[in-house]
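Asks: Sequence:
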Amino acid sequence: MGKVIAVSNQKGGVGKSTTVCNLAAVFGAKGSKVLIIDFDPQGNTTTSYGIQKKSIRNTVYDVIMDECKLFEAVCATAFRGVSVVPTTQHLAGAAVQLMSMEDRTRKLRKALDEARNFYDYIFIDCPPTLDMLTINALVAADSVLIPLQCEFLSLEGLVELHNTIDRVRLDLNKKLYIEGILFTMCVERYKITGQIISDVKKHFPKEVFSTVIPRNVALSEAPSFGQPAIYYDKKAKGSKAYEELAKEMVKRDKKRNK
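Residue numbering for the sequence shown follows my numbering, beginning at 1 and increasing consecutively.
In case anyone wonders, no lab produced these hints; they're calculated from the structure.
Everything numeric in this text was worked out from a predicted model, so none of it was measured.
The C-beta atom is built at its ideal place from N, Cα and C for all residues, glycine as well.
Errors might be hidden in some of the hints.
No farther apart than 30 Å at their CA atoms in a straight line, the calculated lysine-lysine pairs in the DSSO-like style are these [claimed, not checked]: (1) 191 with 110; (2) 110 with 254; (3) 255 with 110; (4) 255 with 201; (5) 202 with 30; (6) 3 with 30; (7) 254 with 191; (8) 240 with 206; (9) 3 with 240; (10) 237 with 202; (11) 254 with 33; (12) 174 with 251; (13) 3 with 191; (14) 247 with 174; (15) 247 with 235; (16) 254 with 174; (17) 240 with 258.
Per label pair, the in silico range of CB-to-CB distance [as the list claims (entries may be wrong)]: (18) 90 with 191: 43 to 51 Å; (19) 129 with 101: 12 to 20 Å; (20) 225 with 101: 34 to 42 Å; (21) 12 with 90: 29 to 37 Å.
Using the sequences and the accompanying hints, generate a full structural model.
Replies: What follows is the structure in structure tokens.
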């Protein structure tokens, strides 16, 4: 049974899509079958995997609107083990459309039921909002990975997201847990970096990943070439950091499943 991981933060520009793209690529390169659900109307993950929007027949919007089956929207990629359910800006209207539907919080979960038997990992790239799309992602997921940029006021947004996760766990998905909090775009020489990491660890000591993602040129450039960073520049610090993160996640899973 595959694991579904929602990558979420209601703040944009924190490395959410970068994390989805590169974690998926790392697990795929190691032999896992991986599916990415691009659930952000901006479509950064779709573009980052070199998928041309003109060539897309079905999207995740069509899936949750019951206009096609999930597997009818899956796009193969040029990278080992990784497939993508793409998106377009049409998805932006789905948050409103879902409000009038029965079982509106479980549309994505139902769509992923069959896919769990085929893929080892399913990553959901959530929108930078706490609307009905994100609620669908949290209800569909086993866990939530929270990218957090090393900057002032990061903790404030994290507490809000944590409260949302608690509410979803209470009412809609009792098994949902936090995969971990991931610091991104970190510059070690900045004094504030260490202060922010220390502050968050005080509040969430068991949830913060040991792995930290640095601010890195390869991570910034790779999407414009339609590649995950580990294929664009495998030796880059950013690429190596995501490889370490994947290892840390596997170790956590082993401890959790004992």
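Asks: Of the numbered hints stated earlier in the document, which are not met by this structure?
Replies: 1, 5, 7, 13 and 21
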